[in-house]
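Peer 1: Respectively, the protein sequence lines represent chains A and B.
For the first sequence, the residue numbers in our numbering are 26 to 430.
For the second sequence, the residue numbers in our numbering are 64 to 500.
These are computed hints drawn from the structure, not numbers from a lab.
A couple of the hints might just be wrong.
[To be verified] Calculated lysine-lysine pairs in the DSSO-like style (CA-CA distance at most 27 angstroms, straight line): (1) B/K352 x A/K88; (2) B/K297 x A/K251; (3) A/K275 x A/K40.
[To be verified] To give an idea of the chain B side of the interface with chain A (calculated C-beta under 10 angstroms), a few residues: (4) A136; (5) A381; (6) R400.
Here the structure is a predicted model, which is why all the values come from computation and not from measurement.
For each residue, glycine too, the CB sits at the ideal point set by N, CA and C.
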Amino acid sequence: MMHLFPLLKMLWRSKIGPALIILQLALSIAIISNALFFVNNRIEQTSRPTGIDQAQLARVWVKDGAESSELQQMVSRDIAALKTLTGIESAAPMGSVPFSHSGYSSGFHNLHASAGDAGRLRTPAGVVETDHRAVDTLGLKLIAGRNFLPEEVVYFTRENTPASAHAIISQSVAEQVFPGASAVGNTIYLAGEIPLMVVGVVEDFLGYFPSLDFAQRNVLISAIEKKISINYVLRTEASKVDSLLYDAEKMLRGLDGERIVGEAATISQLIKNHYHADYAMIILLLVVMSLLVLTNMLGIVGITTFWVNQRRRQIGIRRALGATRAAIIRLFLLENTLLVAAATLLGAFIAFWASHLLVQRYAFELLPWHYVPLAGLAVLVIALAAATLPARRAALISPREAVCS
Amino acid sequence: MWNYYIRLAWISIKKTPVLSALMILAIATGIAASLTTITLYSVIASNPMAHKNDTLFAVQLDSWDPEETFWAANGVPLMLTFRDAKALYQADVAEETLIMFRAGLTVRDINGQQLPKVEGARMTTNSFFSLFDVPFVYGSSWDESADQNGAKHVVIAESLNHAIFNGENSVGKNLLLEGESYTVTGVVADSWSLTPSVYDLNINAFKQPETIYIPFLNIERQSFPSWGDSNGWKYEQTSSYQESLMTEQVWVQAWVSLLDARQYQDYEQFLRNYINEQKQLGRFQRPLKFHLNTPEQWLAINAVVSQDNRILVGLSLAFLLVCLVNAVVLLLAKFLRKAPEAGLRRALGASRQAIFIQHLTEAVVIGSAGAAFGLALSWLGLLGIRVLYADYQQLAVMSLTTLFGALLLAIVSSLLSGILPAWQIARAQPARYLKSQ
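Could you build the full structure based on these sequences and the hints that come with them?
Peer 2: Encoded structure:
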């Protein structure tokens, strides 16, 4: 620490250079801390639990060719055929598939619309029209009640909407609509109109469009509208999912050459597609951060080399007066540490100012404070690593330089 | 004079190759990063319909839930109900009225020899082609009467014409859509596309044009599978398809062309009257509200430029700033090392200005080298963006504007980074350096 005073004097004397380096490092710390925060947010976002056995699942979409045949018969024929494939554990028809970006949602109420607003509780949730096979196929965890019974499943046309049906709701729908009470056995109203008898509650899972803020709230309904197309979700062992998907597509085409069989994908692929922009953003932020690190290292190498050259004589004198080589290296490393410390202070101001701006203009979250020292520490490591090279060259300066020239 | 300075700069650069290389690299990465993101941003934030910004308007009507404001954008649904869209079309008050929606149709050749496939289709009134300047290779759009009675006419894209008719003039020939026969009236050039796709910004603002166009009112005959968005707030029990078309569900996009202020005012008056009429019928229970948005406003309302785009531009500009400060530091170090030389030149009669300009020249030479290298790097950067974002294939390409921008950015940044160091060294006292020599 006894070097500190002459060091500060030295830095003070050549004001502009150190001031600029501090500014550069401070900006870098501000950028890195904010970028780290963004990256961390994205990673948290993309690694949210899905609530389904994604690695074991795949989906295929079929659209009836010319004349619409009976959907119910088509589904039972297709499922029976799919069941014969090697490796298949189960298959279910589903109106909408998690992460598929295709589906609809509705409001769910504890009271009928005609009952007035007193005591009304409601939540939006994704709607999954399906049958008794969905719970096992997706790997949903039943926490109360039971699964659908095969005889509870109905197929309906738009003109003949059933007056009631059965539902399995996800946990947070239950908590929202029936707080403090058992949901099972209760009636939940789709859009406040259609009564659904709740037979089971499952753990939350992400629905057809996970960007929705209620994506984890879903309701399985044991009634399937007779449209001309439907999805099949298939379940197998994780290692066999690709080959099963291939076989299933071929099988479904073979059953009826006139219809369209498409959108074949594993659920893992759908998840990857859904988070595509987030992954790209993570990569871009990491690239910018590494370029920043590189630039800073180049700068530190350059400026330290310059300082070494400028102070050859002083270093020679110090060496002549008994300073060891290690002491010379320490001197330069200490100098850089001081610069980074000052830069961290300034960087904190810039980082929070920038973060505050983002909070105001784009409703971002404010940067948590610990990202700044973290970024400062990272920059310190980088700066010291970069300064070592020129500092070691300084240590090689011979004491003779004090007397020569 | 300039030649001399440039020669001096070259000599100086050769004398300190490592430091010079570091500087060039630093400037190059900064320029490359900002150029990459700015190129991307300029395409995403562009308005391909800017030339019709005074005459083309996207229509929004507030037919939403009396209890709750529409959740997105400016609090008014982005699309219309079918009955409102049809009413606007039939009232025929604007110069032209366009109503449409996006479907996915099964398409097949008339003999059923090829395998059926599903393609994106636009169900639209014929003004789509004139309002959005769509060029035809063969034939033309269907006529007004086909729109009014939902005739089975179709306009296809060049690519589909190739797949089904081998690229021949197919006007007058037929193909199967959803199992029914439609007559081709025109073929649209594949070269046509708008980025962003202003006419339809739902779900993805960078979609490729559809390959099939059919008259909108075909939808009255039967249901077509939607590939667009649909939003509702009200549960309505319907007992037939025709009834289900008349619900409060919003899913139809509407545009009007209004050529001058007079037409604009007349149309506003018409919309006010229309909404008031509907209020009498018990609809439109919210405060009377509608919007006529120019293409530019429409792009903003649909948030085509995402937060990610903005963050990246901001971040890369901050990064460029770091690179510039870095260049200043390194230049300063380099110049101060040569201070004795400058002192000598001053003592021999060179003015401060001459020393200043000499060093600024050196800074600009280094800056230009950095810019050239940066340009090459940003080409790599854009390549990377194309790999990362499948949607951005057409967007992440360099243009003349970008090249010009790079040049400007390089000159400005090298000048900026050169001024301080050059000024510092020009200020140096000759006597001090002469003494120590």
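Peer 1: Does each hint hold? Answer for all of them.
Peer 2: Hint by hint, here is what the structure shows:
1. A threshold of 27 angstroms between alpha carbons decides the hint, and for B/K352 with A/K88 the separation of about 40 angstroms lies outside it, so the pair is violated.
2. Restraint check for B/K297 and A/K251: the C-alpha separation of about 22 angstroms stays at or below 27 angstroms, so the hint holds.
3. A distance of roughly 75 angstroms separates the Cα atoms of A/K275 and A/K40; the hinted pair therefore is violated under the 27 angstroms criterion.
4. Of the supplied interface hints, the one on B/A136 is violated, with its beta-carbon coming no nearer than about 15 angstroms to a beta-carbon of chain A, more than 10 angstroms.
5. For B/A381, the interface hint holds, the least distance from its beta-carbon to any beta-carbon of chain A being 5 angstroms, beneath 10 angstroms.
6. Contact between B/R400 and chain A, as hinted, is supported at the beta carbon level, the nearest pair being about 7 angstroms apart and thus within 10 angstroms.
In this structure, the hints that do not hold are numbers 1, 3 and 4, in rising order.
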